[in-house]
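Asks: Residue strings, one per chain:
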Amino acid sequence: MATGITHEESKRRVMRVLIILSVVTAVEIGAALAHYYFLSFEAQVATKIWLNVLFIVLSAAKAYYIMSEFMHLRYELKPLTISVLAPFLFLIWAIIAFSYEGVSWLELRNWFG
Amino acid sequence: MADTAVAHTQASASSEDLWSGGQAPVKASYGKLMMWYFLISDTFTFAGFLIAYAAIRFAHPPMATGLPNAWPDPNEVFSATPLTGHAKLPLVFVTFMTFTLIASSVTMVRAVQEGTRMNKKGVMFWMVWTILGGVVFVGSQAWEWTHLIHEGMTPTGNPFGAAAFGALFFLITGFHGAHVTVGIIINVIVLFQTWIGTYERRGHYEMVEKVGLYWHFVDLVWVYVFMAFYLL
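Sequence lines, in order, name chains W and V.
For what it's worth, the numbering used here labels the leading residue of the first sequence as 595, then goes sequentially.
For what it's worth, the numbering used here labels the leading residue of the second sequence as 118, then goes sequentially.
If you are wondering where the hints come from, they were derived from the structure by calculation, not from laboratory data.
Fair warning: there could be bad hints in the mix.
To be verified - Ranges of calculated distance between the beta carbons of each label pair, as one might list FRET restraints:
hint: 1; chain 1: V; residue 1: I313; chain 2: W; residue 2: L685; range: 38 to 46 Å
hint: 2; chain 1: V; residue 1: N236; chain 2: W; residue 2: S677; range: 26 to 34 Å
hint: 3; chain 1: W; residue 1: L700; chain 2: V; residue 2: Y147; range: 21 to 29 Å
The beta carbon of each residue, even a glycine, is placed where N, CA and C say it ideally should be.
Using the sequences plus the hints, can you model the full thing?
Replies: Spelled out as structure tokens, the structure:
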């Protein structure tokens, strides 16, 4: 738990993360509602993929701040950080593989009814 | 010889910060490291559910097709808020739930920080707010479930589109809600132990830090549950 920073400084850092998480969440909700209310149906369909990219990037940013500051991973020793984060690399493969699999299930269904 | 070996083992077992190797691995206590490894395994459970969600969702016609078995649009499904009658307010209530969980994560960090200063009153103050935030979140989720069940959503079908949507929604938000509920129970126990002075006598508030890790993990999972069901 020894971080080498003062109590006041660590309080400030937590408040900073609170503001970042709140703003990022507000941006996500704002983008979702603006997309829903202000665009025509065709424009919604055409831009949905970029909206989804935005959501994935912003969610990753939120996850980074929660893990580094709230869960204190920034202040732990490197080997601990690596042993916690390295297993998640498998998930990247799993997400791609199973999404691809899902698309192929849809094609099979369309093909065979 | 045998006597000294036994004595040595007992001495090491009694000191919590050294795992009998003379130096704690990665400068973390046994309990804290095991909490991290538990959270990794729990991440894989949630990831399994969310990846199943992705695969099943891709196996259905996309929202834009408008087919009866198309994947439902979250702006249509999650558009109710308490005390507003039948007004259509997409994502408003879940925004409130998300901010509640973020706020309770912040109060948890504050409890951990007061713990490092051995400030018993401070720990109790922030733990109470954390527990309150958790209770409001689970209560909100109960309201949302009740509303959706009233709308006709079941694990086998729903009026919004793909039948699998209901099953996945109840499975994943239910599993997350169960985690929050368990977190509340553990937080209440830690609050009680703080109150009766268990950690003060022990000389450190590391238990608060360990349950804090679990509580932040629940917040972290919500980021992705929120993304999968309410945003994408």
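Asks: Does each hint hold? Answer for all of them.
Replies: Hint check results:
1. I313(V) - L685(W): 38 to 46 Å: For I313(V) and L685(W) the Cβ distance comes to about 41 Å; the hint holds.
2. N236(V) - S677(W): 26 to 34 Å: holds, 32 Å
3. L700(W) - Y147(V): 21 to 29 Å: Check failed, 48 Å falls outside 21 to 29 Å.
Consistency note: the structure conflicts with earlier hint 3 alone.
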